[in-house]
Structures are given as C-alpha cells and as structure tokens.
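Numbering follows the UniProt record's numbering, in which position 117 of the sequence shown is assigned residue number 117; successive positions increment by one, without gaps.
Warning: the hint list may mix true and false statements.
Stated by the list, open to error - Label-pair distances were calculated between CB atoms; the ranges are:
id, residue 1, residue 2, range
1, A221, N55, 43 to 53 Å
2, D295, L337, 45 to 55 Å
3, D169, K264, 14 to 24 Å
4, A221, E258, 21 to 31 Å
5, R189, M342, 41 to 51 Å
6, K123, E148, 15 to 25 Å
7, S84, K264, 35 to 45 Å
8, R171, N265, 44 to 54 Å
9, E258, E180, 43 to 53 Å
10, R189, A73, 19 to 29 Å
11, L261, Q312, 38 to 48 Å
12, M346, S119, 39 to 49 Å
13, S316, D169, 40 to 50 Å
No lab work stands behind these hints: they were computed from the structure.
Built from N, CA and C at the ideal position, the CB exists for glycine as well.
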Amino acid sequence: MVLPLLFEHPWVAVALGYLILCLIMHLTLHTAQVDTPPASPIRLPNDSNELTLNNRTIPLSVNYHFTRKCNYACGFCFHTDTNSYIASFPDAKEALLRLSQAGMKKVNFAGGEPFLYPSMLGKMVDYCKQELRLESVSIVSNGSKITESWIRAHAANLDILAISCDSFDERTNVIIGRGEGTHITQLYRVTEWCREYGVMFKLNSVICKYNFDEDMNEHIARLQPYRWKCFQVLVVPGENDSCVTKRDARGFQISDDEFQLFCKNHAAQTCIVPESNQVMASSYLILDEHLRFLDKSCKKPSASILEVGVQQALDSVFWDMDGFKERGGVYAWNESLVQEQMQNEMDDNVLVDRALANKDDTAEELDREMRKLMQIQGAFDMRSQIMGGAACGAGAGAGEASESSADMEDIGKKAKKD
1 MVLPLLFEHP WVAVALGYLI LCLIMHLTLH TAQVDTPPAS PIRLPNDSNE LTLNNRTIPL
61 SVNYHFTRKC NYACGFCFHT DTNSYIASFP DAKEALLRLS QAGMKKVNFA GGEPFLYPSM
121 LGKMVDYCKQ ELRLESVSIV SNGSKITESW IRAHAANLDI LAISCDSFDE RTNVIIGRGE
181 GTHITQLYRV TEWCREYGVM FKLNSVICKY NFDEDMNEHI ARLQPYRWKC FQVLVVPGEN
241 DSCVTKRDAR GFQISDDEFQ LFCKNHAAQT CIVPESNQVM ASSYLILDEH LRFLDKSCKK
301 PSASILEVGV QQALDSVFWD MDGFKERGGV YAWNESLVQE QMQNEMDDNV LVDRALANKD
361 DTAEELDREM RKLMQIQGAF DMRSQIMGGA ACGAGAGAGE ASESSADMED IGKKAKKD
C-alpha cells in the first residue's frame, strides 16, 4: 500500500522523470563517443600468407612510421618531419590490435627515427610480441640512439633490428646527411649487441649518385647481416621532389643501369635483396603517425583506422600486392622460420642425393622427385626469386637454381635412356 501511494506523490514522479532523463542522456553521449568497432578478427592458418580472404585485404606486413621526427638529415628522405605529432600509447595499442585482428603477422616500427622515443617504442615492441603474439616484430633505425641497455631489455620480443647505412666512407655519409662522422662505428657496435642478445641483424642501404660505384663487399662480409636491403633512391611526389619540399632527392637520383651495376658488383653477397624504384614504389603498406594508410599513387592518406576501421581504410588506398610478393615481402622473418628454411634446404640436398644414388628408380619416380625438389626451391629460395625479379636481374641465387634445374633435367633424360 505504501509504494503505490509513494509513486502518486507529485515530487516523487518529478524525481523519477529526472533520473530517467539523465540516464537517457548518459547513454546517448557514451554511444556517440565510441569509435567504429573493429571488424571480426580474421583467423588465418599459421602457414597462410594470403593477402586477400573473402574479398577482404589482409594487411600481412605493416610498416608503422609512428613519428616523423629525426636527428639525421638524409637528403633523399621521403618521410620527413613535417610535424612532431605522435599518437598516444593507448591509441597505438588499439590500432595494432585492430591490425592484428585484420590478419597482420609482421609489424615494422620506423620513422623518422623511432629511438627518439625509446620508452614508447619498447612498450609497443613488448605489446606486439607478448600480447598480440605477432610472428615478427622489427625496427628500422639509423642506429645513433640505440643503447645496449635497451636491446638487453627488449631483445626477447624483437625479431629483427635493421640499421640504415649508405656508405662505409664517413665522408660520403656526411654528404648524404647520415650523421656527422661516427655512423660506421655505431653500426658495428649495434651489430655486436644484436649478436650478443639474439636479435637478427639487418642492413638497409639507399643507393644514390654518391655511392653506386662504391665497393662494400668487405664490410658486408664482416657484418654478415641476415638481409641486406639495397634500395634505388626513390623520389616521392609531394615529399622529396622539389625545392618546395623539405627534402629534394632529385640530385641523388641514379639511372636503372647504375643501380644494376651496384647490384652486379655485390651479387656474391648472398644476403643482398635489391629493390628498384619500380618494385618499391607502392609495395609497402605504410601506416603514418596519424594511424592512416599512405597512398603514394594519389598522395592522399586514408582516414584513421580508429575512425573507419582497418578494412575501409585499406579499401581507400592502393597497395601493390604483386610488387609486395615480387620484392620478397614474405620471408623467414623470425628465428623459428629461419630454422625451418634451413631444414628444408637440407631436405633439398637429401632429395638430390637420393635421386643420384637410386640408379634403379624408374624415370617416372625420378620425375616426381625432381618436381618435389623444384617446388621446395620455389617456396624457400628467396634470393633466387628476388635476384630474378628485381632490377639487378638474375643474380647468383637464380643462376644456381637454374643450373640445378638443368642438372636434374640431364639426370632425368639419362634415366629415361637407361
């Protein structure tokens, strides 16, 4: 009897109405503040490296340039520090989570110079490996700000550390804008730290008019990088193509023939991975400091993936997937994959030995062995793929593969005659 009478009281009715109105306003405001939710996570098989699935683009490997700030002034740089913005760590985490849910297996942190923010960088590296469980976490740096203590603290969560070095003559580095004369000393120091703490060391070099005729073989043999990426200097419209932009790379350009000459002079280095302008132009999936995908073809970035989601952002830019595959975008990008590749190469040798030893095999059985061998070579011999498809033409790896094919064909013909 008391409750009904209570609700009939005019002040109680007013109070209840006010509470209901406040609740509605709170829910409305909260809903308006929620960003576009991420799409349902894409579940890829562990061994799948497809770039599309059910008409959706898979951002398998993403380069997150989370800062444009840099302490160097390389004259050909195409990602210059036009602003000092950097996303907050919570926003960066959310973006990385959404990329992972969309199928990202590898992330590469770049800049600018990422080690200008060592704490932020360390937290992102740890998050990607410990919580997102990405297959590969890597960094590209000029190396000048790296410390042994940072590598020691994060080595367990870092697969690859790439250092940029364009010349082993400090005078040339100074002309290019890469440091003030101590770059090579620091490079060797970082290399030793990588070896000590179990991080795969990679080297990046931009080949331009100041170094295309330099002989780097001795230093590459001493450093023994896991991969040595050699880029033909690239001019990007709106970034480094005029006297109006912060950098003007036109004075650094070289011809395709000059780039091929450099590649030919270093073809004996099994770690070399050349990338011409044609291959490199739009084959990298780049997320900028505002969490937008960049589009080099039309110079207009996507909207932030926190605003529109990963798939809509991807759909609004051009990503050259064929170029990504041609330049070897998928490779053994962590230690376990390297071990797997080495095991498969050992299996290749076993197959060859078996084919040569079993003289009683029929021609059909030998043909099956040959086809199996060539499938494995096609899947795992990255160097022959790149040297055959990139600008420097067929390199030593491709030559060895073709010679092996010819040898196996001769064996098959001989078996059929027998």
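Structure versus earlier hints - violations, ascending order
2, 5, 8, 9
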